[in-house]
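Listed here are the chains, written in short residue letters.
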Amino acid sequence: MSLTIALAGNPNCGKTTLFNALTGARHHVGNWPGVTVERRSGTFEQDGSVLEVVDLPGTYSLAARSEDERVAAGFLSSPEVDLVLNVLDASNLERNLYLSTQLLELGKPVAFVLNMVDDAEARGVRIDVAALETLLGGPVIPTVGNREQGIPELKVLLAAMARGESNRCRRITVDYGHDIEGELAKLETEIRRDEKLEAATPPRWLALQLLENNAEAKRRVAESHASEAISQQLAKSFAFLEPHLGADGATLIAERRYGFAHGLVKEVATAPEERLTPTARLDAVLTHRWLGIPIFVAILAAVYSVSFILGKIPQDWIAEGFKTLADFAGARLPAGELTSLLVDGVIPGVSAVIVFVPVIMILMGCIAFLEDTGYMARAAFIMDRLMHVMGLHGKSFIPLIMGSGCNVPAVQAARTIESRQDRLITILVTPLVSCSARLQVFIVIAGTFFTPFKAALAIIGMHFLGLTLAVLMGRMLRSALFSGPSSPFVMELPPYRLPVLKATLVHMWEKGSIFLTRAGTTIFAGATLIWFLSRYPGIANREWTAEYLQQRQAVATLNLPQAEAEDRLRALQLAHESRIVNTSLAARLGQKASPLLRPILDPDHKRPEAWKDVIALTAGFVAKEIVVSTMAVIHQASEEPKEGERLSPLQVALRDNSGLSPLTALAFMVFTLIYTPCLGTVAMIRREAGTWGWAGFTIVYGLALGWGLAWITVVAGRALGFA
Amino acid sequence: MTQNLSIPLSDLQPGDQGEVDQVKAQGQIRQRLLEMGFIRGVRLRVEKLAPLGDPMELVIKGYHLSLRRDESACILVHKVV
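So the sequence lines, in the order shown, correspond to chains A and B. Be aware that the first sequence starts at 0, since it is given in numbering that gives the first Met the number 0, and climbs by one per residue. Be aware that the second sequence starts at 0, since it is given in numbering that gives the first Met the number 0, and climbs by one per residue.
It is possible that part of the hints are untrue.
What the hints assert, rightly or not - Heads up, simulated BS3-like pairs for lysine-lysine below, C-alpha to C-alpha not over 30 Å straight-line:
1) B:Lys23 x A:Lys185
2) A:Lys265 x B:Lys23
3) A:Lys265 x B:Lys47
4) A:Lys235 x B:Lys23
5) A:Lys322 x A:Lys641
6) A:Lys235 x A:Lys195
7) A:Lys311 x A:Lys453
8) A:Lys265 x B:Lys78
9) A:Lys605 x A:Lys591
10) A:Lys154 x A:Lys501
11) A:Lys217 x B:Lys23
12) A:Lys195 x A:Lys185
13) A:Lys107 x A:Lys154
Claimed, not checked - Here are a few chain A residues that face chain B, going by a calculated C-beta distance under 8 Å:
14) Glu93
15) Tyr97
16) Glu211
17) Ala253
18) Glu254
19) Pro271
20) Arg384
Hint data in this document are derived by calculation from the structure and do not stem from the laboratory. The C-beta atom is built at its ideal place from N, Cα and C for all residues, glycine as well.
Build the full structure now, drawing on both the sequences and the hints.
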């Protein structure tokens with residue numbers, strides 16, 4: 000026999016830790032249908048029953064406004080749920096009980112977990128559990144989630160309830176007072192006229208939501224055939240209650256609920272001692288007027304270094320490993336389509352996915368740590384003023400800064416932003432922040448066309464431009480896409496807590512594996528497509544392959560010293576690849592598309608090789624640093640400088656043959672900065688925003704914006720007399 | 000001792016205590032503020048302002064909450080001395 004338990008509670012009440020303690024490793028992370036809210040479910044066995052636990056997103060209420068609340072409210076009223084387990088933070092009981100007053104209206108058995116009793120006791124709050132059980136009408140188990148204290152008792156209780164052996168549940172609801180209860184009863188009568196409506200939600204619960212002026216409840220009523228009668232009754236109820244009780248329905252109901260919670264807490268708990276809590280002492284420093292920002296910057300710098308400097312080490316191993324594998328396979332296997340698919344398509348494709356994993360895991364681990372300790376809310380508190388000016392949320396700051404390391408985990412980091420609007424805007428502007436991959440392109444181009452000083456200036460300018468654009472686009476998207484009022488910034492500053500190491504590790508593993516399975520497939524498919532475009536039809540040309548092999552053999556028969564032979568072989572390989580790429584589908588596409596880029600990269604129409612840029616930029620879609628290696632292949636010049644020379648052969652080729660001028664080179668950099676996020680970022684946007692639409696939107700607006708700004712660069716530059 | 004004059008919460012200074020009179024915000028923000036405990040007669044204390052002057056941190060119903068000036072201006076309180 001099996002039973003589904005919904006785990007409900009406020010944010011920061013220790014729900015997820017409790018979930019982990021209940022289900023152990025037997026759990027699965029997915030998404031709720033249609034939204035990007037994570038759905039965590041797992042099972043445990045007790046006394047022969049298998050119980051399924053579903054961890055709902057943490058919410059303060061079931062008013063169904065935010066995505067999280069809609070998910071929680073929807074699931075709780077579905078017939079799937081047999082039992083509600085309400086997690087209460089013992090150190091913040093009154094506010095936590097507000098949600099309980101709503102859960103008790105759902106008509107399902109509710110059991111309670113009184114979590115973090117240790118924190119409460121440290122504050123001098125002692126809670127009479129037996130009295131709490133009586134007043135809430137359901138069993139209450141005290142626990143300390145991160146020490147697994149109380150978990151065995153909880154499992155036994157849940158199993159007993161599953162078998163129907165426990166009759167500790169009585170229906171208790173808040174008494175809203177004579178006047179409101181009277182109106183509720185009248186509304187219920189009208190609601191019961193529609194059987195479907197009655198079956199979908201307990202009528203009293205729906206009536207309460209109507210009195211609260213809840214938009215979602217009104218929408219549901221509007222679909223009913225009894226909607227007219229219900230609306231009329233609602234208008235009458237409002238007309239009676241407001242003048243009679245001196246406030247509107249929402250206020251009255253909230254007051255009664257808090258009245259219930261307040262009375263209950265007074266009855267069962269001792270008042271906290273008036274003393275400085277550890278949290279207050281920490282906050283005296285961490286959110287201090289003068290120290291707050293420097294400390295935040297230091298913490299951010301630490302997270303950044305750990306993620307992108309420490310994370311680069313395994314990343315380099317992975318990249319090296321795959322490169323060695325590709326070289327090995329390339330050397331051992333006969334030249335041809337299949338080898339190329341493996342060496343130039345599959346292996347780099349898999350590598351392009353896996354290189355992100357260490358950085359993602361480390362960055363997400365750091366963010367989970369900041370979140371679990373409670374510092375993330377302080378970071379948002381400190382930075383909100385600045386971000387609010389940009390049309391963003393305080394929590395948008397961290398993703399934007401992390402974006403300068405790599406956009407992919409930065410987009411994922413936006414997950415900490417609760418409001419969907421704020422999250423979406425952050426996700427959409429993050430790709431404008433210049434990342435370390437684009438830096439490699441800038442170094443090559445700027446180093447070719449500018450003096451070292453001007454090159455450094457140009458590169459810094461690109462980063463500055465990226466951030467400025469992120470700010471401007473944030474403001475524009477906010478006013479263009481979400482015309483309504485911005486979501487309120489009503490954010491709890493939870494007490495600082497030491498996170499459980501195991502939970503952080505589990506979190507890191509989940510984020511890494513989700514990336515591999517979801518975003519990984521998209522990246523891999525995209526990389527293979529780009530391989531196909533840039534190799535066919537040349538790769539299938541038998542004559543070319545035969546010619547190439549002959550040339551290699553000819554070198555081998557010359558008996559040259561090894562270093563020189565290797566040099567020659569490399570040159571031959573480059574020539575062969577160059578021939579294939581320069582006649583590929585991508586090259587044809589480049590020739591067709593180059594008129595589109597002419598105004599920005601070839602304003603005088605004097606560059607016969609302008610189409611080569613298109614190939615490099617197309618290939619750069621897989622990952623921006625590939626722009627450089629593709630240029631090396633197209634221009635048939637190595638990207639590694641020879642000893643003692645400042646410019647690499649590629650840079651010399653670009654300077655002498657590509658026809659780019661310093662001004663068009665700058666336009667090329669501007670375009671590279673903005674034109675479209677790399678495949679990894681697009682895949683991540685698709686995953687985090689929930690639809691391909693937003694991912695497509697990012698590509699399109701990036702292309703348009705990149706083109707526009709590169710064009711302005713050229714036009715303004717020429718007007719100022721640069722060439 | 001309480002004063003009868005209703006002022007916006009945003010006018011309170013760090014260290015000040017107040018009692019909520021009314022939430023003037025409308026729609027979603029109103030509902031959210033009510034749920035978080037901003038109901039008539041509730042005591043609150045302004046803890047501090049963020050380093051850049053906004054948002055503010057306050058203690059209400061025994062927990063810490065941060066509010067932007069936009070929101071705190073919609074909450075009428077009277078100062079408790």
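Hints the structure violates: just list their numbers, smallest first.
Going through the list in order, the structure violates no hint and respects every one.
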